[in-house]
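Participant: With chain A fixed as given, assemble chain B onto it according to the hints.
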Amino acid sequence: MSGVAPAEPGMLQTDERVPARVAEAFLLVVALVLSVGAIWMVGESMVGGLPPGFWTYTLGLTGLALALHLLLRFRAPYADQVILPAVVLLNGLGLAMVLRIDLEDARFATPANAGRHFMWILLAMLCAGVLLWFLRDHRSWRKYTYTAMIAGIVLVMLPLIPGLGRPINGAKVWIFIGPFSLQPAEFAKIAFAVFFAGYLVTNRDTLALAGRKVLGLQLPRARDLGPILVVWAISLGVLVGQTDLGTSLLFFGLFVGMLYLATERGGWVAIGLVMFASGAVLAWSIFGHVQRRVDIWLNPFDPELITGASFQIVQGLFGLAHGGMFGAGWGEGMPYLVPYAYSDFIYSALGEELGLTGLLGILLVYLVIVERGLRNAIAVRDGFGKLLAGGLAFVMALQLFVVIGGITRIIPLTGLTLPFMAQGGSSLLANWVVVALLLRISDNARRPSALPMRGQLAGPTPHEVGQGPSGTGALPVAAGAARDAVAVPGRSANPPGESSFGPPAGPADGAAADGAAGGAETTVIVDGPREGGTR
Amino acid sequence: MNATLRRLSTVVIAMFMALMVSTTWIQFVRSGEYNENPNNNRKIYAEYGNFRGPIVVGGEAVAASVAVDDRYGYQRVYGSGDATRAQIFAPVTGFYSVTGNISGIENAKDSFLSGSADSLWLDRLQNLITGEEVQGSSVVLTLDPAVQQAAWDALGDQKGAVVAIEPATGKILALVSRPTFDPNVLATHDDTATTNYEALANMKLPTATIDGSAANSPYGPLTNRAIGATFFPGSTFKLVTSAAAIESGQYTPSTQIPAPDTYLLPGTSTEMQNFGGERCSATGQMTLLDALRISCNTAFAQLGTTLGEDALREQAEAFGFNDTLEIPMSTTASSYEADMSPDKVAQTGIGQGGVKATPLQMAMVAAAIANDGVLMEPYLVQQIQDSDLAVIEETSPKRYKTPISPSTAEALTQMMLAVVNDGSGTAAQIPGVAVAGKTGTAEDDPRQPTLWFTAFAPAEAPEVAVAVVLENGGESTNESTGGRRAAPIAQQVIQAVLSR
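Sequence lines, in order, name chains A and B. Residue 387 in UniProt numbering sits at position 387 of the first sequence; the count goes up by one each step and never skips. Residue 36 in UniProt numbering sits at position 36 of the second sequence; the count goes up by one each step and never skips.
The following block holds chain A by itself, in its conformation from the complex (with noise of 0.2 Å):
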């Protein structure tokens, strides 16, 4: 935080700074210590020296990383300095252990693909680089409500075209089109994401407060079910068709955690679960593949499974265990042995070689992104921003839940991959998105308000209100505000202009006038006039 912006003429001084990042810099350079430094250990052990590739891995991830840092100081200054090298170092440590595995040719051939992965680990930053650039305010986005309804609903039924989908490891969550394969469901997230923060933060009054209450639970009314029937036959097709039950908890679980957000009723989520619980019993008892995947994840070790259907996950559990405490080290243990080790198993192949302390320290990073994706949720004023941070930031969490539930054994096994460490094209280009879309929204989030802070009214030196979009929140409050006043003296000289980076202001666009950005209870949602509304 060190350079001072000016204030722009004629608005309101708000006595912010534009942040320089320092933070980020610092913690980018960590990350890719850690990342290079991984790079360069699997290459000790792996050929005794710089592995192949090293210097265009260290300089491609180190170039984009800088590039996207500096693109946040001019276009996201405020957004949040954690995420990137959080990300940053997942992407690094998951090329080193995608190497480690490439690297194991001569001995055992894998598709592990380092040099494949690295060029869409770029790809996938450039996109979140063009999308920071020229997505300004991700409220633009919810005009596309519906469009991303239909688009999340066609990116899930594609693997269920036949002749485009195929089965990989008894789930249909691939599409293949020529050379090229996706995970569609990847996208889908974002897009029902985007679906249902704009239909909830239309709707959440209706959903939230007709009903009746029964035993505590204030109970929807039935005519209000229709949508929540809709993605509940979503994803119980999704679970029936393509036989992963990752990818339908995936969906449901967002849409319910997003409906929970929204309306702030228990009884969603107790409807939710009952519907998802039974469904998933129904589909069980009735078809075959859905009651051998059960089979496979509650005795994998059953000799007639074993050497077939209970391979994988066997072998996973296998190299977990190899790696134990402190794991075997770069390139020391075999998670070459695990099929897709480099992909679905990543964690059990990262496992075997960073032990339990390195995945506890991974666990840690991921969530640490998926709490500061929640915390600017909070922290951002606007409903439907609050929503898709909250969604995106849930759907990480669940995501990495359905993975890694998959190959410890909490869950059935699933299809989908280990966002930013997993070879494959389509999570990292879909996750690498969820993340610029974060640090959007947290950008909005911290950029001090071209609003009266409410001690500013009471402070010792008085500003002058200016066409603050709305005077509700700005409601005096003595106590802090006097000290927050008095801690930054002579700020009010300040030359203004610094809002030119600021959101564009009005009450249509729903700013919000909450003094205590990122904070209280308190929060006013002025999510367009018809909506405004303390809660």
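Everything labelled a hint here was simulated from the structure, so no lab data went into it.
Below, a sample of chain B positions facing chain A; criterion: calculated Cβ distance under 10 Å:
(1) Met1
(2) Ala3
(3) Thr4
(4) Arg7
(5) Val21
(6) Ser22
(7) Thr23
(8) Thr24
(9) Ile26
(10) Ser31
(11) Gly32
(12) Asn35
(13) Ala46
If you want the ones that stay clear, here's a sample from chain B, every Cβ over 10 Å from chain A, calculated:
(14) Gly58
(15) Gln75
(16) Thr195
(17) Gly249
(18) Gly276
(19) Glu278
(20) Ala282
(21) Glu317
(22) Asp388
(23) Glu463
Backbone N, C-alpha and C define an ideal beta-carbon position, used for all residues, glycine too.
Facilitator: Okay, now just chain B, sitting in the frame of chain A:
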């Protein structure tokens, strides 16, 4: 929505906690169980990925690991890849297969060869710090390559085994079993390891019979006949019967014992005859020495009955019967049964009926007689050296049992010298060397007698005790006695030892 976002964030933390617990469960709590799961190939791969120590005989690595560029990293090579050289040592080295099959020294000293032995923890700690690969230790054997080769050559294409022991220490100088296998074909890294193993495991070895009928050896090429197969010891067991007699104090080599033309087995109507229906003595009496010298069956059957089951079994067990050894491979116990019928006891007096022995056991009998009545524990591993050639384990000779007194040993030596000088074992004579021995022709299968010879030399200062067994006594009908066929093999092995 902030309240629900916070609650959702708690849910997310709970989800991550679940993942952390499940990961910890697998990697920490259950890891030992998963690592030991028989379906887990990582142990084998891990061992192959490390340099496995060689098995060394006389400075030559008869089993060694050679770096290769496949998933295992190292290929186990026996006899430097020469099939014959590998087979000469196969019964000792055993084999080490990626299919998980393992035998011989490879199995018995696996922890040292693979470098996982507890006593190597310091090495492993060093390797952990320096980042070097785990290095297995070398296992140096007591075998003498020249003696082993001589035994292999002398046995030729016959089915049988040879064991040579240094009586004063228990060092095994030679241990050969034929037919055997080439461990190289079992150590391959592809499917042939399994198919070759199955072929060898199911292989039937046809043997010639006196009457020409079809018969198979009860033992296949994977069996180590020297320590893992038992046969009726036949007349070689008369050494044990004689020992029991002399130890009882009632007999000396010159004691006259009954030697009838036929002997009615007690409690039966079966008449026991001497070999080939011959007469032992015109008077029906002969000295114990002469009875052993010409291997008179009726005399020893009657002696066995006189001494009784308990005395015979005690003497046999004093020589090591009814006990297993770790040499370091586990040996099959030679057996002397209990609570036998009187006729069966009589038969054990001549090494038939309720008694069976491994070739190693009969070599131990000779070795104990040679070593003034002290039986040393036989062993194959001289020392174990870590990767820096530092000796981390050295076998020192150990007294195993004291089956007979020195005077009994001396008496038996004189009797055994008579066997070779002018008895049934003249084929074992070596000019200028006093060879003490005993022949044996046992009827495991009447159609194909088992031929034995056990001996030690030189009698005054024994350097080696040998036992030879041939399964295929049916190959040459009337020539088939231990004295004719097995004694020359022992003779060549003794010569190989004495010409070192």
